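Student: Sequence:
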Amino acid sequence: MAAAQRQLPRPFARLAKLGLVCLLAGGGLARGVVQFDVFMGFAGKARQGEWFPVTFEILNDGPTFDGQVEMRPRFGDNPVYRFDVELATNTRKRFTLAVFAGTNSGWTAKLKNGRKTVARHEELKLDSSYPATSLLGALSAQQAGGPVLPKTRFKNKWENDRYTPRVAHLQLDTFPDDPIALSGLHALYLNS
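Counted from 1, the sequence shown has number 133 at position 134 by numbering that gives the first Met the number 0; the numbering is strictly sequential.
If you're looking for bench data, these hints aren't it; they were derived computationally from the structure.
Accuracy of the hints is not assured; some may be wrong.
Quick list of simulated restraints, FRET-style, between CB atoms [said to hold, decoys possible]:
#: 1; residue 1: G101; residue 2: P164; range: 39 to 47 Å
#: 2; residue 1: T88; residue 2: Y129; range: 14 to 22 Å
#: 3; residue 1: F174; residue 2: K154; range: 23 to 31 Å
#: 4; residue 1: P130; residue 2: D176; range: 45 to 53 Å
#: 5; residue 1: N77; residue 2: G43; range: 13 to 21 Å
#: 6; residue 1: G113; residue 2: G144; range: 41 to 49 Å
#: 7; residue 1: P164; residue 2: D65; range: 23 to 31 Å
Computed from a prediction, not measured in an experiment: that's the story for all the values here.
Where is the CB? At the ideal position from N, CA and C, for every residue including glycine.
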């Protein structure tokens with residue numbers, strides 16, 4: 000007795016083979032996602048004419064590539080800060096750059112792969128304060144833990160706004176490890 004062979008229709012067989020090839024080739028239909036986050040200054044604050052940290056966090060779910068982070072002020076003839084980073088598949092990288100704050104409060108950050116821009120942030124803002132303003136960094140284990148400073152009492156509002164000390168509530172995971180970036184603070188308040 001001969002075994003009866005059952006065959007699939009020819010168009011269906013071709014479609015099944017094509018699907019199998021795409022699946023084995025690594026899923027060329029799906030592309031990886033790159034997440035690019037930027038944390039400016041000391042909790043968004045910095046003093047004019049001082050250094051401040053910019054922390055970048057990049058998550059690469061796509062193929063490996065050698066990237067370059069580019070940070071530049073939106074206006075003026077200020078320097079461009081660049082940092083080369085290797086981004087392997089399924090990795091998260093966090094690093095901090097020390098950046099000098101001129102009088103500019105608008106910044107642009109880009110993540111590039113060669114000449115191609117992978118991700119960008121166009122409207123990065125920084126709460127810049129007058130150079131004579133005291134800026135204190137508060138690092139606390141509790142959300143409410145921070146210094147309580149007395150109010151300034153000048154004759155006019157302009158002087159109160161200009162000379163009132165500011166507190167930046169910092170987080171441990173974005174705390175800068177570069178001493179140059181920390182030079183923009185007058186003091187650091189630690190509370191456990």
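Student: Hint by hint, say whether it matches the structure.
Tutor: The hints, checked one at a time:
1. As the Cβ distance of G101 to P164 is approximately 22 Å, the hint placing it in 39 to 47 Å is violated.
2. Separated by about 46 Å at the C-beta atoms, T88 and Y129 break the suggested range of 14 to 22 Å.
3. With their beta carbons about 38 Å apart, F174 and K154 fall outside the hinted range of 23 to 31 Å.
4. Range check, P130 to D176: Cβ separation about 25 Å, and the 45 to 53 Å hint is violated.
5. For N77 and G43, the hinted distance range of 13 to 21 Å is satisfied, since their beta carbons lie about 19 Å from each other.
6. In this structure the hint that G113 and G144 lie 41 to 49 Å apart at CB holds, the actual value being about 45 Å.
7. At about 43 Å, the CB distance of P164 to D65 disagrees with the hint of 23 to 31 Å.
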